[in-house]
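The task is simple: from the sequences and hints, build the whole structure.
There are 2 protein chains.
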Amino acid sequence: MSKFVYLFSEGNAKMRELLGGKGANLAEMTSIGLPVPQGFTVTTEACTKYYEDGRVLADEVVNQIYDALHKVEALYNKKFGDSNDPLLVSVRSGARASMPGMMDTILNLGLNDVSVEGLAKLTNNPRFAYDSYRRFIQMFADVVMEIDKANFEALLDARKEEKGVTLDTDLDANDLKELVAKFKVRYAELKGEPFPQDPNVQLLEAVKAVFRSWDNPRANVYRRLNNIPYEWGTAVNVQSMVFGNMGDDSGTGVAFSRNPATGEKELYGEYLFNAQGEDVVAGIRTPHPIAHLKEDNEALYEQFKQVSETLEKHYRDMQDMEFTIERGKLFMLQTRNGKRTAQAALKIAIDLVNEGLITKQEAVLMVEPKSLDALLHPGFDQKALKAAKPITKGLNASPGAACGQVVFTAERAKEIVAENKNAKLILVRLETSPEDIEGMVIAQGVLTARGGMTSHAAVVARGMGECCVAGAGEVLVNEEGKYFTVNGVKYNELDWISIDGSTGYVYGEKIPTVEAAVSGDFATLMQWADENRALKIRTNADNPRDAKVAVNFGAEGVGLCRTEHMFFEADRIMAVREMIVADNEADRRKALAKILPMQRKDFEEIYEVMGPRPVTIRYLDPPLHEFLPHTEDEIKELAKEMSISYESLKATVDSLHEFNPMLGHRGCRLSVTYPEIAEMQTRAVIEAAINVNAKGLNVKPEIMIPLVGDIKELKYVKEVVVKTAEEVMAEKGVQLAYKVGTMIEVPRAALTAEEIAKEAQFFSFGTNDLTQMTFGFSRDDAGKFLEEYYTRKVFENDPFAHVDQNGVGKLMKMAAEAGRKVRGNDIHLGICGEHGGDPASIEFCHAIGLDYVSCSPYRVPIARLAAAHANIKNPRK
Amino acid sequence: MSKFVYLFSEGNAKMRELLGGKGANLAEMTSIGLPVPQGFTVTTEACTKYYEDGRVLADEVVNQIYDALHKVEALYNKKFGDSNDPLLVSVRSGARASMPGMMDTILNLGLNDVSVEGLAKLTNNPRFAYDSYRRFIQMFADVVMEIDKANFEALLDARKEEKGVTLDTDLDANDLKELVAKFKVRYAELKGEPFPQDPNVQLLEAVKAVFRSWDNPRANVYRRLNNIPYEWGTAVNVQSMVFGNMGDDSGTGVAFSRNPATGEKELYGEYLFNAQGEDVVAGIRTPHPIAHLKEDNEALYEQFKQVSETLEKHYRDMQDMEFTIERGKLFMLQTRNGKRTAQAALKIAIDLVNEGLITKQEAVLMVEPKSLDALLHPGFDQKALKAAKPITKGLNASPGAACGQVVFTAERAKEIVAENKNAKLILVRLETSPEDIEGMVIAQGVLTARGGMTSHAAVVARGMGECCVAGAGEVLVNEEGKYFTVNGVKYNELDWISIDGSTGYVYGEKIPTVEAAVSGDFATLMQWADENRALKIRTNADNPRDAKVAVNFGAEGVGLCRTEHMFFEADRIMAVREMIVADNEADRRKALAKILPMQRKDFEEIYEVMGPRPVTIRYLDPPLHEFLPHTEDEIKELAKEMSISYESLKATVDSLHEFNPMLGHRGCRLSVTYPEIAEMQTRAVIEAAINVNAKGLNVKPEIMIPLVGDIKELKYVKEVVVKTAEEVMAEKGVQLAYKVGTMIEVPRAALTAEEIAKEAQFFSFGTNDLTQMTFGFSRDDAGKFLEEYYTRKVFENDPFAHVDQNGVGKLMKMAAEAGRKVRGNDIHLGICGEHGGDPASIEFCHAIGLDYVSCSPYRVPIARLAAAHANIKNPRK
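If you read the sequences in order, they're chains D and G.
Mapping the first sequence onto numbering that gives the first Met the number 0, position 803 (from 1) lands on 802, and the numbers just tick up by one.
Mapping the second sequence onto numbering that gives the first Met the number 0, position 668 (from 1) lands on 667, and the numbers just tick up by one.
If you are wondering where the hints come from, they were derived from the structure by calculation, not from laboratory data.
One thing to keep in mind: the hints can contain errors.
Identical chains share a label here; the pair holds if one copy fits it or two copies do between them.
[To be verified] In silico SDA-like links for lysine to any residue, alpha-carbon gap of 25 Å or less: (1) Lys649 with Asp632; (2) Lys181 with Tyr482; (3) Lys359 with Ala516; (4) Lys359 with Asn697; (5) Lys159 with Gly246; (6) Lys711 with Asn226; (7) Lys792 with Gln760; (8) Lys304 with Leu356; (9) Lys792 with Leu655; (10) Lys2 with Glu577; (11) Lys722 with Tyr229; (12) Lys809 with Gly823; (13) Lys183 with Glu842; (14) Lys312 with Arg819.
Values in this document were obtained by computation on a predicted structure and should not be read as measured data.
Here is the structure:
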């Protein structure tokens with residue numbers, strides 16, 4: 000029989016997969032002698048079993064829960080549902096990976112009509128007991144039975160009105176007792192059965208509710224964003240209650256062992272006396288900074304500080320802790336490695352190395368590559384900032400600067416971005432809740448009126464590396480009216496504002512932002528990363544501006560320069576169109592001759608920025624109709640401009656129409672049918688290289704033929720390229736080293752890579768197209784059903800965000816192996832799809848032995864770090 | 000050093016790959032002592048080398064040619080270019096596979112100003128000598144130097160006019176001598192250099208011309224149609240000339256050892272006295288039937304008959320022979336296995352078995368599966384035929400009946416079919432030439448005014464299994480005027496006519512055609528095929544009519560029943576549209592409920608035809624927008640019909656628009672997003688099966704989920720199917736055996752087949768989509784560049800016609816192996832793409848161990864035979 004339930008005293012930190020993060024750490028704290036209210040963990044395997052069994056709690060799991068419960072009762076000499084000294088418990092989720100706020104929690108479980116009296120007696124505080132009971136009924140109804148809590152809040156409000164008071168605290172024990180009765184009546188009305196008095200029933204229902212919550216929509220979205228498999232399941236922690244709301248010698252708080260925003264080595268956090276944990280986290284009351292505890296109760300402060308240091312040394316990382324003080328006694332409710340800003344992560348990692356606690360490699364692994372994104376986001380333009388005046392100030396909850404148009408709901412943000420994907424938005428909320436996650440993903444930044452540094456908005460924003468100003472109390476939000484006011488000034492939906500998550504300032508205007516640079520701690524850690532990686536990092540750049548940004552971020556070459564982007568530029572689109580409408584080779588060549596000098600200049604400029612670093616140039620890829628207009632009016636206008644007849648231009652547009660443009664006449668197919676295009680591009684590539692080399696550079700261009708599916712396609716185009724290159728070199732009397740390779744982006748190219756490698760000097764995996772063709776769905780069209788796929792758990796991950804290792808990855812592996820089989824290490828292998836900037840995909844690229852990844856300029860540092868992670872975890876021989 | 004040149008006396012029939020078919024057979028005939036004018040063969044490897052060396056004849060090849068030439072000179076004691084007894088040779092192509100008329104031939108090579116006199120002396124016939132010389136100049140100029148022969152014909156005509164005569168034969172030796180002088184002047188004018196007098200130069204130029212002709216456009220088209228690799232190259236045969244035009248004791252002819260139209264055991268062919276081989280093949284003069292030779296010269300006839308029998312026994316197959324009689328002496332110029340009609344092929348194969356010459360397995364291999372197509376084509380409806388009266392009669396050159404609209408050129412045929420792919424056409428030509436091949440492919444049948452049974456039209460039509468009436472002399476064709484007349488009656492382009500290739504009758508009207516049946520020799524051979532095959536043959540059928548045709552042709556099940564075809568039928572398209580515009584599940588279900596009884600009836604009817612044979616039903620596949628109109632007017636009309644607003648219907652149409660419909664919301668993706676569709680289809684499949692089984696049948700439906708790319712998609716849909724099936728069976732109180740499987744048509748399905756096999760009880764390869772996605776081009780769009788690909792030899796084969804074994808086939812093999820790894824022989828493997836009816840693809844399917852192929856009803860016998868071929872060549876363990 001499997002063991003599905005572990006007492007805290009039976010586990011340890013290594014059992015994270017089985018016990019979840021929270022459970023494993025509660026066990027670990029227990030084992031190192033810290034004060035932890037005892038309890039037990041129902042394992043993740045029990046959760047998996049629950050789902051496998053059709054959402055049923057198996058008898059053996061139930062029995063093990065009862066056994067564990069009895070042991071906890073014995074430990075504290077308390078009884079579940081007892082009229083004198085009742086055992087009360089909290090029931091909390093705890094997955095392998097932290098998913099803050101995504102799943103459900105039930106407190107005070109075990110209260111019923113009998114034990115509430117026991118609690119009253121024990122605490123000598125009937126008001127407290129009945130307040131706890133009415134909170135429990137409400138929470139149980141909400142979380143376990145899915146009854147809207149508004150039903151109960153209405154009763155509470157009615158009672159307050161009756162009594163003519165406004166605060167909950169103005170209600171006395173009798174009021175609350177009456178309310179409990181009313182709550183139970185309402186519960187029975189809505190549920191069709193009475194509120195369960197048996198604590199065992201309460202417990203099993205609560206455990207099931209937590210298991211169920213693993214599958215709620217926001218948990219599914221969070222997992223998808225954070226790449227957490229559905230199969231993992233969650234554990235459930237059942238822990239005896241301690242109360243921070245037993246009076247002024249009680250309290251509760253959360254704290255970090257170092258500052259999670261800056262990384263400073265100082266206790267950092269907040270607490271509230273006479274409160275429950277929820278009150279701190281939800282940001283409803285504004286708590287005191289942890290340093291204040293020293294004044295309130297120095298002994299307790301020192302004890303907590305001691306615990307914090309013990310935990311940090313034990314875990315060799317900064318800790319995020321929850322504690323409760325019950326009648327002057329400290330209890331640890333949770334510890335975990337704390338989430339932190341990227342800036343803090345860098346400082347902490349470097350400090351821990353300096354403190355001798357961890358190695359450089361461990362420091363590199365400690366910084367999540369994705370988190371660097373925050374450091375790479377723009378800050379305000381300093382000159383513009385000087386001219387600007389903040390309208391108010393909140394907490395600097397997540398650093399970085401953002402400028403955007405105001406929206407008040409996630410739904411509205413989604414609508415706006417659906418219309419204009421370049422829209423820049425700031426999500427403004429009274430306080431955020433897990434439902435807002437999608438809106439936060441879309442927005443450039445988040446501004447909340449309420450909540451502290453550990454409020455939901457702050458925690459989540461830091462996790463995403465998104466700018467956040469929290470608890471800006473002067474901001475009065477009117478969500479219905481779609482406006483907010485600050486000191487009487489009204490800001491409407493879509494008005495521009497700017498926020499600075501590093502200072503907390505809010506500006507009622509548009510302030511330009513500027514780019515970040517790699518320096519200080521960031522530069523130190525990147526240097527350690529570079530010392531530890533095997534993959535080279537290149538960038539996708541189509542112009543000198545992007546190339547420059549990338550070089551500043553450490554790019555070691557251009558992995559993808561898309562020449563068609565240049566074709567769209569205003570000064571040459573007309574020549575491109577002339578080429579397309581040409582109905583014979585001579586006219587096509589005439590038009591191409593006009594493009595040549597412009598294209599040559601493009602390359603010269605990029606070569607000059609890249610200096611000695613390799614530049615991979617991809618030849619024209621999109622179908623030609625993309626360069627022509629499609630509506631009647633536009634065609635008429637262009638025909639006039641080009642001095643050709645409407646009918647003739649319309650005929651060209653029609654003849655180029657494709658049913659499936661993605662599967663049409665594009666990529667190398669263009670060069671096979673119009674070799675003169677490849678000739679012109681080769682001339683531009685080679686002439687530009689010879690020109691800049693004459694100035695002392697040593698450029699070695701790499702010519703990349705797209706969409707090859709058969710060796711003969713590559714061979715045909717390569718012959719054109721080589722012939723033209725030889726001609727140019729002969730004309731100039733200069734020899735130039737260059738390479739000709741191919742993208743592997745058609746499944747057949749991967750399948751026949753061994754043949755293709757005979758002609759290709761390098762392979763670059765175009766994983767965007769490869770993903771589309773391997774799955775058989777286009778990115779543009781898949782949006783319509785992929786949402787349903789996520790909802791129905793048919794897919795958990797977006798294959799366009801992370802390389803699909805089972806399918807697409809298998810093709811990549813085959814092709815890489817085939818390439819090396821033919822050319823040994825002489826073949827250069829890279830990736831230039833958008834996956835090249837995704838840490839999980841980079842790890843895969845490392846594992847299959849690619850030489851480099853190429854990503855957008857802003858992703859270069861992330862890729863450098865991810866490549867280091869990959870190599871530290873799985874060193875390349 | 001490689002041997003690039005073989006004397007006829009050095010080779011044999013087994014050296015076909017090296018010497019080509021013609022060369023190998025000349026050598027073989029030499030070795031068995033038949034009278035063959037001696038010579039030598041330049042190998043196919045020399046051709047390959049010629050192309051590899053950049054279209055240059057290497058010195059070693061040239062030297063070996065000279066060596067061989069000297070040996071032939073010694074053998075006959077003649078000299079190249081001699082003034083007394085000159086050696087003259089023919090230079091002919093000869094590939095591994097016969098490519099009649101596709102490549103070039105030069106006769107009388109070796110003639111120059113000196114040797115022409117030698118020839119005149121030797122034959123004592125100056126007229127003959129100068130006629131040969133002027134023909135040679137013309138042929139050399141045309142074939143080797145690419146000078147239009149019209150240049151010379153104009154001179155010839157001028158001379159005849161000058162002299163006031165109309166026939167070539169009215170010109171005497173002096174006329175011809177003068178013409179030779181004029182020809183040489185014209186040649187020098189056009190070519191800028193004199194006509195080469197050195198026979199060695201003539202020879203090398205001619206050899207190169209033959210090599211070059213391997214790459215001419217019509218050869219490339221022929222190879223593509225016949226699946227002959229470009230890499231093979233052609234050999235060149237240099238053979239000493241014998242002359243059939245040396246007077247009335249000379250002649251030339253072609254003959255078959257059996258009747259190539261019917262298979263009767265009789266010498267069959269034609270000859271002409273005082274003529275060259277060309278005159279017979281080109282169909283310019285009408286030759287005598289071979290039987291007539293007995294009267295002309297009995298001894299010669301008997302000698303030839305003896306040779307024919309010897310060859311047939313030697314090759315154990317019907318022979319197609321060319322011979323020349325020079326001054327009463329018989330020479331064999333060629334033998335090869337003769338092309339024949341399908342009907343003849345069957346009879347010959349069966350007769351040869353009965354004669355004890357070959358085994359049944361050899362007989363099966365002797366019939367080309369594709370050729371059966373001719374027997375499966377419609378014949379005329381006998382009743383209609385009785386009422387019809389032929390307008391004229393030609394030769395019954397290739398059997399079968401055809402009815403279509405008149406066209407006069409291949410170009411026009413292509414235009415018409417581009418506009419209406421269902422157009423039925425009859426190509427009417429004075430005589431056909433290799434340029435007409437594409438038109439012949441498109442047309443239902445060919446009618447020519449000139450030419451015999453061995454004319455180009457007749458040979459090619461038989462090869463294609465296409466109906467042909469040749470040499471219908473009463474048909475007066477006016478190509479320019481786009482009409483023909485028969486006895487004064489005019490038939491214009493696009494008028495309907497009917498032709499019967501089995502009788503030679505031509506009808507000036509539309510006569511309905513009827514289907515063929517498998518009986519007699521056909522049935523016998525099919526039985527032998529069935530005894531020898533491992534693959535089962537199923538059919539693709541969407542309705543009882545097709546299913547019935549297929550069963551009559553021997554189909555053993557339905558491998559693909561496309562349910563969407565049923566959705567388009569007039570009685571249900573409206574309900575389908577209601578389902579699509581429904582914006583909620585309830586309305587969708589309401590519309591589906593209307594479709595259910597109709598779909599159930601569809602299945603019942605098909606089940607009843609198929610009886611105990613398995614029926615594989617594919618669930619709805621196309622994107623929903625295919626069921627809706629797209630133009631404004633149509634949308635308006637439909638909106639009215641459906642009583643909904645135009646705006647609302649337009650919005651639905653717009654929302655369903657896809658950029659790449661092939662990669663869009665279709666296949667199982669529809670069932671994932673709208674499981675109620677799969678529910679309805681399951682209900683129809685299962686209810687129908689239970690209903691017909693109640694009548695005593697034992698139907699076991701196979702439900703096929705399309706476009707699966709991930710195990711979870713299949714799992715999701717399968718759960719819906721199983722749940723619904725269980726419900727239906729519970730309602731009916733009946734248990735029913737059924738299977739659920741998937742198509743493998745997305746590359747990722749093949750790559751992850753091992754996972755998918757856990758849920759799929761069968762795999763059916765959908766090679767149409769698999770080909771599109773593996774190559775990354777859609778069939779609809781690829782047409783635009785594939786033509787260029789063929790021209791530039793980037794592709795030689797249409798991957799939609801023959802499975803691409805290197806790419807698509809690799810995926811199929813992987814998937815088949817993975818499927819068997821998981822389920823052993825319990826997994827059923829089939830193919831239902833159009834490749835299922837292609838013999839080369841069937842051979843591949845056999846090799847990778849599939850259980851069945853499924854093809855269109857008319858391809859079933861072809862598939863049965865191809866499957867037998869595959870298994871005889873490569874027996875399955």
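>> Of the numbered hints stated earlier in the document, which are not met by this structure?
In response: 2, 4, 10, 13 and 14
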